Structures are given as C-alpha cells and as structure tokens.
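Number of protein chains: 2
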Amino acid sequence: MINITDRVRNVALRSKIVSAEEAAAAIKPGMNIGTSGFTPAGYPKAVPLALAERIKKEKFQINLWTGASVGKELDGALAEVGGIQKRLPYQTNDAIRKGINSGAIQYVDLHLSHVAQMSRYGFLGGKVDVAIVEACAITEEGHIIPTTSLGNSASFVQSADIVIVEINTSQPMELEGMHDVYIPLDPPNRQPVPIVKANDRIGTPYIPCGPDKITYIVPCDIPDAVRPLAAIDDDAKAMSGHLIDFLNNEIKQGRMPKNLLPLQSGVGSVANAVVCGLVDSPFQNLSVFTEVIQDGMFDLIDAGKLDFASGTSLTPSPDGLKRFYAGIGEYRKKILLRPQEIANSPETARRLGIIAMNTAIEFDIFGHVNSTHIMGSKMMNGIGGSGDFARNGYLTFFFTNSIAKNGDISSIVPMCSHFDHTEHDVDVFVTERGVADVRGLSPKERAQVIIDKCAHPDYQPMLQDYLDRAIKATKNAHTPHILSEALSWHVRFLETGSMKSK
Amino acid sequence: MINITDRVRNVALRSKIVSAEEAAAAIKPGMNIGTSGFTPAGYPKAVPLALAERIKKEKFQINLWTGASVGKELDGALAEVGGIQKRLPYQTNDAIRKGINSGAIQYVDLHLSHVAQMSRYGFLGGKVDVAIVEACAITEEGHIIPTTSLGNSASFVQSADIVIVEINTSQPMELEGMHDVYIPLDPPNRQPVPIVKANDRIGTPYIPCGPDKITYIVPCDIPDAVRPLAAIDDDAKAMSGHLIDFLNNEIKQGRMPKNLLPLQSGVGSVANAVVCGLVDSPFQNLSVFTEVIQDGMFDLIDAGKLDFASGTSLTPSPDGLKRFYAGIGEYRKKILLRPQEIANSPETARRLGIIAMNTAIEFDIFGHVNSTHIMGSKMMNGIGGSGDFARNGYLTFFFTNSIAKNGDISSIVPMCSHFDHTEHDVDVFVTERGVADVRGLSPKERAQVIIDKCAHPDYQPMLQDYLDRAIKATKNAHTPHILSEALSWHVRFLETGSMKSK
Ligand SMILES: CC(C)(COP(=O)(O)OP(=O)(O)OC[C@H]1O[C@@H](n2cnc3c(N)ncnc32)[C@H](O)[C@@H]1OP(=O)(O)O)[C@@H](O)C(=O)NCCC(=O)NCCS
Ligand SMILES: CC(C)(COP(=O)(O)OP(=O)(O)OC[C@H]1O[C@@H](n2cnc3c(N)ncnc32)[C@H](O)[C@@H]1OP(=O)(O)O)[C@@H](O)C(=O)NCCC(=O)NCCS
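Order-wise, the sequence lines are chains B and C.
Quick note: the first sequence uses the numbering used here, first residue 5, plus one each step.
Quick note: the second sequence uses the numbering used here, first residue 5, plus one each step.
Okay, chain B solo, but in the shape it has when bound:
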C-alpha cells in the first residue's frame, strides 16, 4: 500500500486508513455523492475507480455532484459503467456527454456559484450523503488540506454524513497554505464576504472537519489527468490583439485603471490564448480573480506582469503542471485557491470590478449568447461560471470564432438556438474579425455593429438581409425578428450540413 502515514498527522486517524474498495463499499445506491475536483484537478481517483468496479458487478446508480468538470477516473469511469443517475453542475467528459444527450444521465446545468449554497439549502434533491475529497494531508486537528482545486469540497464535507478523504501522494506538500477556505452562513445569518482585493485572505488554509467526521482515509498516487491545450492559432492571436487594443483605449478614455481591473478568463483554448497574449501587452501589475488558473497565468507571473491570481482550481496543461510543480516555491506566493462559491461570487465580482472574458458557442445579432448547446438540443459542457462573471463584471466580453466547421456554421446567427446570457449581460463581442462594443446600444444598433464588426464576410450579407427584412416585417419593432425564419439557419445546417443557402 502507498505510505501516507506522514500525511495523516493526527495519529489516531491512521486507524481509519482503508483500501479504496473498503471505502467505496460505504456508498449505497441512490446516494448523493459530493466530491472535490474542479476541471481535471484535485478530484478523487482511487475511490471512484473502486466504486465503478463495484457498480459494474452490482448494477446501481448514484448522483454525482462535483465542483465542475473532473477527470476521467471519476466522470469517465462512472459513466462508462452506467453508474450515474443525475450529474451536476458541469462536465466536459465524452462518456458523460454521451449519456446526457441520449437520456441516460439527467444533467443539471447550474451557475457554479450557486451549487454549494443550493446543496446546503437542500434544493438539489436531498443533501450530500457522502463526501469524497482529495487531500494533500490531514492536520493534527483532523482538518483537510486540499490539493489542486477547492471547488465545493468544504461545503460537501460540512453537509455529508460520511466523509472519505483520499490522500494523494502525487500532490506536493507545498500546496499547503495555498487555500483560503470560507463557508458563508446561510440566510438570514449571512454576512458580507470581506474580500476587497484578489489577495485578501478571509478563511482557513484547510477544510474544517475534525477527526470524528472523517469516516475513511484512502491512499492514492494517481496524478491529475490534465489535458493539453490547443496550439494558439492566428484567429486566437487576432482576438487577443483586439482585446489589448480595446483595453488600451478604455484606459485612454479614463474608463479603466492603467493596471486594468482583476481579470477573469474562461475555460478552453481561446480563453487561454487571450491570457497568453497579455504577456506581450503594455499592462503591468495585473491581478486575476477567476475560476481556473491555466498556463497563460504562469506566463504572466514569469513575465513579472501579474501580482496575484485568485482562483478555485489549477488547470495547467501537462507541461504547465510540470512547470508549476517545479516552480511551486515562487508560484505559491502569488496564487490562492478559494471555494467556487467565493471565487465566482456575484458579490465579489461586482465589488472588485472583474473584467469577465468568456467563450461563446454562438451569439446572435441582438447580443444574446449560447454557451452550452449545439443546435439548441445537444449539451456541450455547461454554463459553468460564465454567468456568475458575465452578469456581475465591470466589463463583460464574449469571444468566439466567427465561423465553425470549416465555415459551414456562422457563430453569429439571427437568433441563438439556446440562451445562457441575455442582451442585458454583455458589453463587448470579439471574433477574429473585430470588436463590437454594444454598451448603451439598443437592439437594432447592436445588430448593426455586431454584423459589421464580428460576422464573417461569407455571412454578413445574409445577416444584413435578415435584419433589414425583419425591420420591415415588424414595422421597425424593438427587436425585429421574423419568427418563422429566426432559427432557419440552424435548421438548414441540420438538414444540409451547412448554414449557407445553396
């Protein structure tokens, strides 16, 4: 067995060290399992793998609640054996996605800042029955030192009847001290979250637990299954350039401090590329208040441009993870992980004045955003934290390529096929073509600037034609739509394989 004695500092607790199989045996069919993990970082691995083995034989299902997406040893293993009845609040796993889009898995796509409180309120179908949390170590007082993410772990541990701690020896002990755990009281007793700067500490460096609340301790040495980021292509570079020009002008106009405001940047390749681009920007003394800390943030720290990054998860590429572990002595001075309830809090996003930068699947000419559904029906990943930040940021950007699938899809459409962020929530749209600043504009004004600045030339005349005809058909109504045509581009793609008219 992997030796974790040193990491279980409370001597009495060492008697609770068991195998993954033994711990997994505590789980009953139909239970709500709340785990650590946010992106493929800091999620439990050994117990879920053992649980999947058990489910394969015994055929039953559980409900899986996490921070966000998690790695294949958890989402993948359980989905592949058909072990998940209900999944929340976010996922990016192929097996899960297939289950969601074939009716095998019921998926609840939630704002990430809502999850912990909804689980405490008992709004998600009962409370957490079992918490499974990956840890670096357990303190003498029986508190839990998390690993590469914090997510909803602290709340799940607080609510659960059974707490299983997976001590992962692949996670360096230098992670200790990089967390700031704060669980708000629930209404009517909640108090202000006393954060006014990205680096403010308001909680404890461990998840409060105590020895009695820990049921089992399981050793594990499987590393986080981090994934490579796509190479930064010309389109991504163009978007990053547009962003920098735009922010420079905001500074010039007196609408933005010289060192900007705390940056939030979403998941995926475009988001990472945009952050990487800031390395070559003139901006200094930046700060980050975000969910996910990707490779770009390390670039900014190394370049001496980033003073501090607050997030809920470390999600580097495989190379980035090596680099992080090698430089952890320095990185740990500039990075803090918080519960996602705090990292994504509307309260802090608005107070700090986040610059919110997220990626869309598509947006429409009137400024609505689809972040989640392919052609209106198929779930891609989920809304994640994009709504927490977009609604409450100081300045809200959405990025996307103007086209997808080799040009057969226009990512700017007459009407979105699904809506995650409304016209009321977005300030600026960016594609590789340019920037549409829609602040203070009416829907028709927005439509014109989005068509002119963001759409692909192949689709610009079609969009303009729709807008012109819709204005005529509705006698110039507030948001002119021809409802019989509004979704026809998507219908055409589904029928012919292209949004282009033949």
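It should be emphasised that the hints constitute simulated quantities derived from the structure, not laboratory data.
Accuracy of the hints is not assured; some may be wrong.
If several chains are the same, the list does not tell them apart, and a pair holds so long as it fits within one copy or across any two.
BS3-like mimics (lysine-lysine), calculated; alpha carbons at most 25 angstroms apart, straight line [as the list claims (entries may be wrong)]:
#1 K256 / K102
#2 K262 / K326
#3 K63 / K32
#4 K241 / K217
#5 K131 / K448
#6 K479 / K409
#7 K479 / K506
#8 K102 / K476
#9 K448 / K504
#10 K479 / K382
#11 K337 / K326
#12 K241 / K61
#13 K448 / K382
#14 K131 / K256
#15 K409 / K326
#16 K337 / K76
#17 K476 / K382
#18 K262 / K131
#19 K309 / K256
#20 K217 / K60
#21 K217 / K32
#22 K479 / K102
These numbers were taken from a predicted model, which means no experiment stands behind them.
Fit chain C with the ligands to the supplied structure of chain B, relying on the hints for placement.
Only chain C with the ligands this time, still in chain B's reference frame:
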C-alpha cells in the same frame, strides 16, 4: 408662484429659485438628462412639461435616463413631442412604447441595479449632463431630501454638471427621514455594502449635493400620477394560494425560517395580488427587501404582519396613496427607500436570501422566461429588476396566467420568443393551475412537471406532443427541440390570431 421658501432651508439658495421654463432652457439638444423617478413616483414634472413645450417649438431631442418607469408628465410629454432619442432603463408609458416599437426611440433595456454604476463608468454614451430631481426640501447644507422614490437620483446628481431640483409641495415633509442614500465607490475602491437586515441604515437621509452644485430650484405642486391596480381576480387568488401552500411546505421541510426570508415582489397586478394574499396567511414578522412598495405592503403593515419594508419606490394606487399620506406617521417607521443600486444589488439579494417573486409574459417547458417581448419583437416594458432578484434570490418564483387573450395564447410554450431569464435562474413556476418546483431537475424533468402542473388543459396535449416528438427527433438529447417547430406557436398566433391549431 408656488411658495417653497420654507422648503429651501439654505437661505442663499433661494436666489436660485426660477420658473420651470427658465430651468428647462439650460438643456441643450443631445444632452443626457438623468432624472429622479421610479414608477410614477418621485419624478420631476414641471421642468419636463416646460421642456416638452420648448421641444415642440424648437424641435430637438435629448436622451432620457431615469430610475425606471416614470409618470406621464415626463415620459408621456416628451415622447408625444418626439423629444426622446434614447431612453433607458425601463418604461411603461404608451407613447414611449409606441416610439420604441416603431423605431422612433432607441431603448436600452437594462438590469436596474446596473444603471447607476454604468452611468458613472461612462458606459452609456457619455455621462449625465443634467440631473433633474424631485425633492421635498433642500437642507441648510444644500443637500436634497427626495420624495416618493430614490432610484438613481443620487448618482445622477453626483455626475451631472447641471443640477435642477424640483421642490414639490404636494409631497409631505414627513417623507424626510425615510431615505437611506448610499453611493458605492467604484472598482477598485468599492467596499462591501454593509446591509445584513432589511432595516439596516448605511447612508444619509438626503442626497449629498451642496449649495454650489445646485443650478436651479423650481417649484411644483403636481402630484404623482399614480395608477389604479387591477381588481384581484380568481386567477390571482389561486396563484397567491399556491404560493402560501408552497412556502408552508418549505417551512415544514426545514428549508425556510418560520417568518420566511425577505420578500421581493415585482410590478403589476399579479405581483400585488400575491402580496395581498399574504395578509390571510399564517406568516408573521415578515420583512420585505424589494424595489416597489405597493398597496399590498400597507395591508401587511396594517395587519401587523410586516416588521419592515425596504424598497426604492412607493407606488400605491390612488387610494393607496391617500392611505399612505394619512398614515405616514406610522408607515414611516416601517418603510425605508434606498437607491436602486442598493435595493436591487445582487450582493444584498443573495446575502439576505430574498424570496424573489416576479411575473413573466411567457415561459417555456424547459424553464426559460420571457419578461419583456410580445411575440419576440415588440417591447412591453423591460426587464426591470427581475433579473437582479431572480438570479440572486434564495428562492425564485415566476408567476403568470397559463393563458392570455381569452385562451388564444398559451403562456407556456415550446420555446420562448425572447429570453430574459434562463433555465439557470428559476426555481418555481406558478400559474393559476398549480406549481412546478423545478429545483434540481434536468430539462426533460422540468418540461414534464411544467406541462403537468402549470399549463392550461387546452394546451397540455399540444405541449406533451411537442416534447414527445422532440425527444424522438433528437434521440433524447439534453434539451430536445425541433427547431423548425419551436417557434411555430407564435408564428401561428401572428398568422391566425390563435396558438390553437385549427
Ligand atoms: C463555449 C465552449 C464550448 C468553447 O470552448 P472552446 O474550447 O473555445 O471551443 P471550440 O472552438 O473548440 O469549440 C468546441 C466545439 O463546438 C463547435 N462549435 C463552435 N462553434 C459552434 C457553433 N456556432 N455551432 C455549433 N458548433 C460549434 C466546435 O466546432 C467544436 O466542435 P468539436 O468538439 O466537434 O470539434 C467553452 O468555452 C464552454 O464550455 N463554455 C461554457 C462554460 C464557460 O464559459 N466557462 C467559463 C467560466 S469561468
Ligand atoms: C411581465 C409583465 C408585463 C406582466 O405584467 P402584468 O400587469 O401582470 O400583466 P398582464 O397580465 O396585464 O399582461 C400584460 C399584457 O401582456 C399580454 N400578455 C400576457 N401574456 C402574454 C403572452 N404569453 N403572450 C403575449 N402577450 C401576453 C396581456 O394580454 C396584456 O396585454 P394588453 O396590455 O394588450 O392587455 C410585467 O410584470 C413586467 O413588465 N415585468 C418585467 C419587469 C419586472 O419583472 N419587474 C419587476 C422587478 S421588481
């Protein structure tokens, strides 16, 4: 001239008393005019009427920024002479609505909590040039005592170059002391909003201004043009009954304190009816943290059930206004008006754990809400504060009648024709038919309970048929839609006058 000498307590300032015409002459074409007013309450009347007269002769336009909707002497008078180029952030006036839906007026429909900060940030097309604010009085220090609403007045005064104060003698001096004015600093200097209970006071009872900043003072005696509320019908009573049953069960299940959590209730007849219904409920020691204080709140105070109501505006019916003025000595102890930036703040809504109750135009089977647009194109009123509260409340309700226009419209549709609140934001739907509790449900689960509990029997089979066929057509995808049919109910209504198939 109306005598306002006593109400201008700073003696030197009395020299700035001018006629409405003289004050209106300071306004130049193209200026951004920021006024007091939120619902037909506390808006300036004399200067706008004089401005409308001037515009009739001189033919020019201004941009009008307010708290929310305002009375006919402001919105109506200016719209009727074609004097408004851009209007924000909310309206309910027939002339304005006509202008918006014919292309004559550009309308920017904003979350009401966003307006003050966006105006300070300079995001709305420049800053406020002229502030026109209705007041009870001006203090010796030159500060402004507001009247029946607070809205964005304080921020507009802070930003404006020219400040015009309309002293309205129809507003009783007992309003003094009923306001709590707090303007947050902007990022990166913003601090927590230190409210933890509905009755917490954090600011001043006046709008900070100072004598030098006041340009003109204008006397006025035109009363607020408050409007009658529709009679409470059986459908509204049924919805109110459903709400009370639901909340009772939440208490029983331990998910809600016995005296509930602070109530927010939207505008309009349904919202008022729901609040009125609480008079006959078993709930005691209620509190309210809302935008608009309507007649129902007075009923609750008189019944001894409401400990405190915080809002940004007093919007009673004509009878309610008489009752309020008559009982102001008692009501003022239990009512406080705040800037809408604070009343509607996501920070306080979430901390206090608001019960958010708003009305929808339509919602769809998957739980998205349209609050603003008739048949996707025509603006009704605007999103108002519904998004501020719905997204951040402890428990979020949307109410609507299951049908409209004598049954030719189903307010529950396959897909909304416009989206203001997404599936991620709503917990409970209520129609006269029943209650759909969609917490923790996947889209397909939501669809079934919405059809079963909320839809009208005339439309239930059609909705079920759509859902069943969409599940088949998409092979059971996450959110099954047949895009070529999703909006066909609206198209049919536009073409035939009914959503029912012939
Ligand atoms: C929207 C999102 C999926 C984009 O991620 P990305 O890695 O930048 O996206 P890609 O460009 O690789 O596109 C992903 C897929 O969608 C497809 N796609 C892109 N635009 C499309 C469109 N308009 N219509 C249909 N499909 C589209 C791509 O072709 C690609 O398909 P594939 O998987 O078959 O190759 C991702 O950002 C996301 O999940 N966002 C929601 C959550 C979020 O914002 N979290 C951040 C909060 S902190
Ligand atoms: C949605 C809203 C318009 C409903 O107001 P209400 O007074 O309860 O609504 P009514 O039932 O009288 O309906 C208003 C009109 O819409 C029509 N209508 C109702 N449902 C409809 C539907 N599904 N499709 C088309 N029209 C519909 C009604 O027939 C009525 O038309 P009319 O003016 O021609 O008579 C109103 O609540 C609103 O503006 N909400 C958005 C702002 C908000 O929520 N603010 C509160 C934040 S604190």
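Now the hints, each set against the structure:
no.	hint	verdict
1	K256 / K102	neither (48 angstroms within a copy, 39 angstroms between copies)
2	K262 / K326	neither (33 angstroms within a copy, 53 angstroms between copies)
3	K63 / K32	within (11 angstroms within a copy, 75 angstroms between copies)
4	K241 / K217	neither (50 angstroms within a copy, 48 angstroms between copies)
5	K131 / K448	between (46 angstroms within a copy, 22 angstroms between copies)
6	K479 / K409	between (35 angstroms within a copy, 22 angstroms between copies)
7	K479 / K506	neither (29 angstroms within a copy, 28 angstroms between copies)
8	K102 / K476	between (43 angstroms within a copy, 16 angstroms between copies)
9	K448 / K504	within (23 angstroms within a copy, 31 angstroms between copies)
10	K479 / K382	between (35 angstroms within a copy, 10 angstroms between copies)
11	K337 / K326	within (18 angstroms within a copy, 63 angstroms between copies)
12	K241 / K61	neither (50 angstroms within a copy, 54 angstroms between copies)
13	K448 / K382	between (29 angstroms within a copy, 12 angstroms between copies)
14	K131 / K256	between (51 angstroms within a copy, 16 angstroms between copies)
15	K409 / K326	neither (33 angstroms within a copy, 64 angstroms between copies)
16	K337 / K76	neither (30 angstroms within a copy, 59 angstroms between copies)
17	K476 / K382	between (33 angstroms within a copy, 13 angstroms between copies)
18	K262 / K131	between (46 angstroms within a copy, 21 angstroms between copies)
19	K309 / K256	within (20 angstroms within a copy, 54 angstroms between copies)
20	K217 / K60	neither (29 angstroms within a copy, 75 angstroms between copies)
21	K217 / K32	within (19 angstroms within a copy, 69 angstroms between copies)
22	K479 / K102	between (44 angstroms within a copy, 11 angstroms between copies)
In summary, the structure is inconsistent with hints 1, 2, 4, 7, 12, 15, 16 and 20 from the numbered list given earlier, while agreeing with the others.
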